[in-house]
Amino acid sequence: NVDGLHWKSGIPRSLLSEIHGCLLASYCDSCQTEFRHLDDVGGCGQRPLPGGLLCPKCERSNTKTALHRPVRMVRREGHRRDCVLRDCVLDWNEELPEPDRSRAIRHCKLADLCIVIG
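So in UniProt numbering, spot 2 of the sequence shown is number 2, and the numbers just go up one at a time.
Hints are not guaranteed to be accurate.
Estimated spans, in silico, between C-beta atoms of each pair [to be verified]:
| no. | residue 1 | residue 2 | range |
| --- | --- | --- | --- |
| 1 | HIS107 | LYS8 | 16 to 22 Å |
| 2 | HIS107 | GLN32 | 19 to 25 Å |
| 3 | GLY51 | GLY10 | 28 to 34 Å |
| 4 | THR33 | ALA111 | 24 to 30 Å |
| 5 | PRO56 | LEU113 | 35 to 41 Å |
| 6 | ASN1 | PRO99 | 17 to 23 Å |
| 7 | PRO50 | ILE117 | 24 to 30 Å |
| 8 | PRO50 | ARG103 | 25 to 31 Å |
It should be emphasised that the hints constitute simulated quantities derived from the structure, not laboratory data. C-beta: ideal position from N, C-alpha, C; glycine also.
Taking the hints into account, I'd like the entire structure generated from these sequences.
Here it is as structure tokens:
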């Protein structure tokens, strides 16, 4: 499921495999950082978030402030487009993301019991 219940359970992210994504998460293509949000980020299909928010981690390395700016400003100012935050929810026909896919396979092989919820 993509509703974020796994994350809200308190289980560390390193032990979770959200292979279909999460409505409460975004990621940066450039630095591979994942961000957790309190609310649905409003996207599906690993597309740029509404409003064209930039990765604060990439912004710190590119500018003196870590302010989010719209995508149109990113292009005009010459920043890399791949610093735009994207939703983490898979659309139909997309491949399962790494490292979640490999982690899920590894955990299934190690488990005596697999409980699938959803």
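Hints and how they fare:
Our hint of 16 to 22 Å for HIS107 and LYS8 holds, since their Cβ atoms are close to 19 Å apart. Take HIS107 and GLN32: their Cβ atoms lie about 21 Å apart, and the range 19 to 25 Å holds. Evaluation of the 28 to 34 Å hint for GLY51 and GLY10 yields a pass: the beta carbon distance comes to about 30 Å. Checked against the hint of 24 to 30 Å, the pair THR33 and ALA111 passes, with Cβ atoms roughly 29 Å apart.
One distance hint, 35 to 41 Å for the beta-carbon pair PRO56 and LEU113, holds here, with the actual separation near 40 Å. Against the hinted window of 17 to 23 Å, the Cβ-Cβ separation of ASN1 and PRO99 comes to about 19 Å, which satisfies the hint. Between PRO50 and ILE117 the beta carbons are some 29 Å apart, a value that agrees with the proposed interval 24 to 30 Å. In this structure, PRO50 and ARG103 meet the distance hint of 25 to 31 Å, their C-beta atoms being roughly 29 Å apart.
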